[in-house]
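S.K.: Spelled out, the chains give:
2 protein chains.
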Amino acid sequence: MKHTKIVDVIKTDPVLQEIYVKGWVRAFRSNRFIALNDGSTINNLQCVVDFENTPEETLKQINVGAAVAIKGTLKESEGQGQKVEIEVQDIEILGKADPEEVKKTILSPKRHSLEKLREQAHLRVRTNTFSAIMRVRSKLSFAVHQYFQQNGFNYVNTPIITGSDAEGAGEMFKVTNMSLTNPAKNEDGSINFKEDFFGKETNLTVSGQLEAETYALGLGQVYTFGPTFRAENSNTSRHLAEFWMIEPEVAFCDLDGNMDLAEDFIKYVLNYILENCDDDLAFLENRLIQEDKSKPEADRAPMALRDKLKFITENNFKRVSYTEAIDILRNSKPNKKKKFNYVIEEWGADLQSEHERFLVEKHFKCPVILFDYPANIKAFYMRLNEDGKTVRAMDVLFPGIGEMVGGSQREERLDVLQAKMKELGIDEEELWWYLDTRKFGTCVHSGFGLGFERLVLFATGMGNIRDVIPYPRSPQNADF
Amino acid sequence: MKHTKIVDVIKTDPVLQEIYVKGWVRAFRSNRFIALNDGSTINNLQCVVDFENTPEETLKQINVGAAVAIKGTLKESEGQGQKVEIEVQDIEILGKADPEEVKKTILSPKRHSLEKLREQAHLRVRTNTFSAIMRVRSKLSFAVHQYFQQNGFNYVNTPIITGSDAEGAGEMFKVTNMSLTNPAKNEDGSINFKEDFFGKETNLTVSGQLEAETYALGLGQVYTFGPTFRAENSNTSRHLAEFWMIEPEVAFCDLDGNMDLAEDFIKYVLNYILENCDDDLAFLENRLIQEDKSKPEADRAPMALRDKLKFITENNFKRVSYTEAIDILRNSKPNKKKKFNYVIEEWGADLQSEHERFLVEKHFKCPVILFDYPANIKAFYMRLNEDGKTVRAMDVLFPGIGEMVGGSQREERLDVLQAKMKELGIDEEELWWYLDTRKFGTCVHSGFGLGFERLVLFATGMGNIRDVIPYPRSPQNADF
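If you're matching them up, the sequences are chains A and B in order.
All letters in the first sequence, in the order written, are residues 400 to 879 by the working numbering.
All letters in the second sequence, in the order written, are residues 400 to 879 by the working numbering.
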């Protein structure tokens, strides 16, 4: 007899049919009520044991964390909090869980800190909070693929190991097959990379954008969705050394089209989880409300989780030039009263999260897209405007978090691009292939990057980015 | 005016409407006929230039490789090979392509070898063959996500950088942030990994399976789809140093369920591309037929490409035990006549691709799943059978290629797993978290791994795995 998933069981009308389920015991009350979970839903299935007719030996093994198989009759529930329950006819212990051992882990039924859960990342997915986060993460990632595929984009797997280090988005990890104790060396004592696996120095990618551009200029519309890496010693709640990035790139698309795409894309994926993850989002929303109760009112979230998602999906994104934003910020109360940590003095300043949040939360009260940034605070590949000092860059700003998306129209003019690279000391020979795309049928094209974990953080209302990826990588931490 | 994608244009009934398109010139015949491609389809759009009313300067710039924007009227085509064409009213050169420079590249309109195309991997996606391959690859990857999501699986991103090296699936690349010239050392001269970014020795993952198991034992059904790495010096047409792997893992699922899943999954994804990529598959099928004409008959593909895909989707996969397969092979003609490179002498032999292909192509004439392999040629985590000498492993065998999928039911019994690890010298402390899953509510569970590029190779009929990934990584090659 095949077992039924709990997510399907709880949707079934109870007409006294026979049901077979398997899962893990989340709680066992009064030697009678098992809360059973199989990971398919946040909701536990109540299974009512007839303890008088169940062997003592079996009852003793119905412990939190144990895996069990249950046969029984699906009935309307008399208890609160669930529509159906199972009247157990037969219970089999599949895998025990020694209560003494369970006590030492986060499986034990009490409140554990998120730090503690991180130390047992292999078990935390069995908790309500983390199973909800990971189901939302999964659905969100599918929404990403579905959006792009439905809109004619091709998924491109750009390389993870790269021989190119010109992108400059951040510090890179080295990849080698040589002995670290005794690497091959040249006569002058430098490392002889010719002897390494790839015959050259190689690193882990920080972005697939440049390669994605080469593909956009052939396939038209592409997107990447893969891991990227930063070897930066940032031990914060917003940084990971290994994270997943989404990078669409579109030929024959200017910055306006790029802003349209970013807005449409974000609304689609957030709507997708609002429609497909309501149980999990409701749980996470309530979790935040409970958590906030212990905080001073000023530190509490201004919106409930699902309202915050709707704030994005139901508002038009306000498009504002960097120059206009600087004026607004310069004349703002927190700037005049020096409440910002970084006071905005003049045009050209790089915006901090506090400024971005002010624009979204206080000034415009809607998601904001800033565009046309000063050239010298942005990357070499962004298209120079006619003014000679701004580039066609854009950042999408969200409440609570600041920058969610960074993108630009790319510099398609070979001579301008070459001049910029020269100015910044970027080796043309290193990027010969990138320059080729500007030699052979170059065209206006644009794209953006979105750190997937930032989106999951926003969507789940969690506070630490290490809690929205199964096994986070950060300084001094590569466990599991 | 927004431009229309060519894939949509060629599906439009010609009622003389105005059309605006953008793309790259693939050919320009008789100063009149532009074959325009924008990457959205294998099909070029014929654009008929009124050369008498087009400036000489513009005509000169309509070269192969150039990017152009064309306004015109959509008409029924008088020529062969297309239903519609565009009568050009206005043409704008967006990006030039100097014919002298194009001549030096693979964009030049003549036959280039696949080797040559690999050297210009940034341009090869503009050829018919590679754009077709990459569109099929994209669709196939989406089919993977769609299948699992529709069946209640959660997508899990297992770590790329791993501190664990116990999986043993192959040689690993080292990841470090230290100077290779002058790494931190201990007093005894060994490397002091405490000073490295993660405070320990780290590598690139060879498989996400063990981490996926921890998630399956919480979420029930999970799958990975991410990059994996092998630092093996295999310079063959079947190996990549960096490749994408799909690894589903299911709790409460035995080997039979695992075989059902593998068969159902493979049929779904191949059916998906048969339904959604017919133009590209037809092109690739014809490409193979043309290529085969120059080969001796014995070396030609026995089936046309789409027939080969249907051979998989329309046949039941025959399930045969390893022991039975050995008997068949031992008594087979090629074995008796010593036509196999590796003659099968006795039970326990590891099967080679030639044996797997014999079973599929000659003996059973359908896809085959072999199961219950000898324990000592398989991995430590596979479930030991009652006979004490075989494990619940399975391999799915395909025509032309041999093994497509490798999987198993996992050893869920803590004591048996520990004994096996001890036997093989695998450190329990290294895998404490993996063993934890067997201590707390262990259960029967199974999964498999499928190298995505192998599947794309099969689906596209290509002969070299470096031609089915945008930027292949192999010994001495990490260009772009």
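Because the hints were derived from the structure by calculation, they are not lab data.
Just so you know, not all the hints are guaranteed correct.
When chains are identical, the list treats them as one kind, so a pair holds in a single copy or across two.
To be verified - In silico EDC-like pairs for lysine to aspartate or glutamate, Cα to Cα no more than 20 Å straight-line:
no.	residue 1	residue 2
1	Lys666	Glu753
2	Lys503	Glu451
3	Lys838	Glu518
4	Lys599	Glu570
5	Lys764	Asp678
6	Lys694	Glu514
7	Lys732	Glu744
8	Lys788	Glu477
9	Lys709	Asp678
10	Lys474	Asp449
11	Lys515	Asp726
12	Lys736	Asp677
13	Lys838	Asp826
14	Lys599	Asp677
15	Lys694	Glu451
16	Lys838	Glu499
17	Lys503	Glu828
18	Lys707	Asp691
19	Lys717	Glu753
20	Lys737	Glu499
21	Lys666	Asp826
S.K.: Checked against the structure, which of the hints given earlier come out wrong?
M.R.: 1, 2, 5, 8, 11, 12, 14, 15, 20 and 21
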